[in-house]
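All chains, please: the whole structure from these sequences, using the hints.
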Amino acid sequence: MNAALTIQRLTLQHEQHTLLSDLQGTIPEGEITLILGPNGAGKTLLLRCLAGLLKPQQGGVFTSQGKLVHELSRIESARLLSWTPVSHNLPFDFSVLDLLLMGRYPLHQGYPQKADRFFIQKAMQRVGISAMQDRIYNSLSRGEQTKVDIARAIAADTPLLIFDEPFANLDIDASLQLMDIFRELQREGRTLVLSHHDLYSVRDLATSIILMKKGQLVASGPTARVFTADAIERTYDVIAREVTDPQTGDRFVRFRLKDEAKLAVFTEIHRSQRRLLHGVDEHRA
Amino acid sequence: MVRHILLSIRLPRVVCACLVGGALAAAGVITQGLFRNPLASPSVIGISSGGVLGAILAFYGGLNLWGFWALPLSAFVGCLLTTLVILQFARSSKSWAIDDLLLVGFALNGILSAISSFILSLSLNEFDKAPAMMNWMLGTLSGKTWEHGLIGSGPILIGILLSQRLAYRFNVLSLGNDVAQSLGIDLRRLRVHAVLLISALVATSVSIGGLMPFIGLVVPHFSRLLVGPDHRSLLLVSVVNGMSLLMLADLLARILMPPQEIQVGVLISLLGSPFFLWMLYQRRKMQSL
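Keeping their order, the protein sequence lines are chains A and B.
Going by our numbering, the first residue of the first sequence is number 1, and it counts up by one from there.
Going by our numbering, the first residue of the second sequence is number 1, and it counts up by one from there.
Accuracy of the hints is not assured; some may be wrong.
Facing chain A, according to a computed beta carbon distance under 8 Å, are these residues of chain B, among others [claimed, not checked]:
| # | residue |
| --- | --- |
| 1 | Gln181 |
| 2 | Ser182 |
| 3 | Gly184 |
| 4 | Asp186 |
Hint data in this document are derived by calculation from the structure and do not stem from the laboratory.
Quick reminder that beta carbons are idealized off the backbone N, C-alpha and C, glycines included.
The structure is reproduced here in structure tokens:
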């Protein structure tokens with residue numbers, strides 16, 4: 001198994017705060033890796049480091065060729081990976097088609113060709129948004145916007161796709177549909193990294209996971225080995241227990257709240273992180 | 001006689017109106033693209049005032065006697081510094097929301113205009129300086145000659161052409177800084193180019209006609225209704241619309257109250273401010289949905 005990306009001793013600081021400390025792990029090539037953790041764990045920060053958008057103070061993320069991601073040339077990086085943040089409104093009323101064409105900017109440099117339109121049509125069909133191509137992105141619901149964002153990433157045709165909370169705004173059937181799309185992308189040999197909040201669907205989706213808490217690594221590795229009741233208790237403030245479904249024999253983890261008072265602890269870190277997370281991107285939607 | 005009036009008085013004035021209108025419209029499109037906000041424009045966020053202040057300072061200090069380029073160059077420096085200050089706010093880690101940045105621009109605009117007014121008040125008794133300064137602050141095209149048009153046309157035409165080359169990048173930039181960066185846009189370079197272009201366009205237009213508010217705001221907005229948000233078509237259409245608008249406004253300013261001429265900048269402010277309020281109102285309405 002090759003690593004598409006390797007995280008080595010990654011430490012990220014902002015002003016006096018250490019936001020990510022000494023993270024280690026690998027993103028295996030051709031697999032789906034989930035990054036799990038409570039709010040404020042630093043999932044989005046780690047994703048932005050993986051995408052080469054943040055420059056860590058120590059260590060870093062290395063490509064399979066041994067280069068640091070944030071030191072790749074802009075073209076190299078754009079051909080290697082695509083980054084899809086949580087959907088937000090755009091300042092101008094671009095149509096879905098316009099937006100997807102922009103996703104292929106690294107390939108057409110502002111002069112879209114026939115091939116670009118072909119890839120875009122295919123991506124829209126895959127995500128099931130062909131009927132929306134002339135709609136204004138800002139007029140779509142958050143769930144629909146998420147689908148468009150994902151189609152943009154698919155159309156960009158990179159071997160590595162990074163998504164921040166792709167399931168955040170989707171209803172159940174859209175989530176299941178998206179999981180199928182992700183698995184299909186994986187079968188094509190692409191590597192996917194997603195941050196995720198729903199523990200129930202982890203086993204269905206991920207082949208590899210990274211568990212984080214307060215900017216630190218809890219555990220990482222193949223899902224079957226790492227996704228245990230013990231690891232979940234160390235990541236979230238819950239009591240977890242493993243159950244086997246008597247009918248199917250599937251193993252899954254059940255959990256309940258341990259101590260409600262502890263919820264308040266996270267908000268403090270969360271605040272200092274938000275600035276870095278959104279940078280100047282934050283639009284008042 | 002008629003021929004002389006047409007060729008040496010009216011026509012150069014029309015050409016100057018076209019140049020200034022086109023330059024400000026183009027600068028407006030780039031400003032909005034750069035700040036990712038349809039409410040931004042060189043005059044709203046103080047870039048034009050910076051240019052006017054630069055020109056007025058140069059005039060007050062007698063720099064215009066040094067050479068022909070002293071005034072436009074000071075206007076350019078004024079625009080450049082103002083844009084850089086706003087951009088510095090935009091990039092600071094304290095993460096200003098984009099709407100707050102506009103407020104920073106408003107404040108800056110207020111300060112710069114106040115300094116300009118102060119300098120004007122200092123030189124009110126100097127009859128060789130005060131009227132010229134006043135004209136810059138109010139914006140007028142009266143008395144413009146072929147010379148103004150010829151010298152202004154170079155930077156403005158080149159500026160518009162270069163802006164057109166950057167146009168698609170502003171489309172990509174509207175996806176957000178992060179996404180644009182991951183799509184291979186060099187944010188730093190794009191910002192530097194945009195700031196230089198805006199400054200050159202605004203400074204040249206200020207040097208010709210003084211402060212012409214709202215063109216950079218109103219024209220891109222209307223053009224967007226016509227051709228959509230794609231900055232490539234938007235820029236061209238805005239330039240044409242900007243030319244037509246300022247030409248018409250200048251005509252009105254000339255004939256509305258004969259024999260007195262209204263300063264065209266004043267006329268545009270009068271029409272532009274209600275329009276700006278209307279835009280704000282529309283935006284609030286959209287947000288409350």
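**Q.** Hint check: 8 Å Cβ-Cβ cutoff, Gln181 (chain B) to chain A
**A.** 6 Å, holds
Q) Does the CB of Ser182 (chain B) sit less than 8 Å away from some CB of chain A? A) The hint holds - Ser182 (chain B) has a Cβ within 8 Å of chain A, the shortest such distance being about 4 Å.
Q. Is the interface hint for Asp186 (chain B) satisfied, with its Cβ closer than 8 Å to some Cβ of chain A?
A. 6 Å, holds
Q.
Would the hint on Gly184 (chain B) be counted as holding, given a Cβ-Cβ threshold of 8 Å to chain A?
A. At about 4 Å, which falls below the 8 Å cut-off, the nearest Cβ of chain A leaves the hint on Gly184 (chain B) intact, so it holds.
In this structure, every one of the numbered hints holds.
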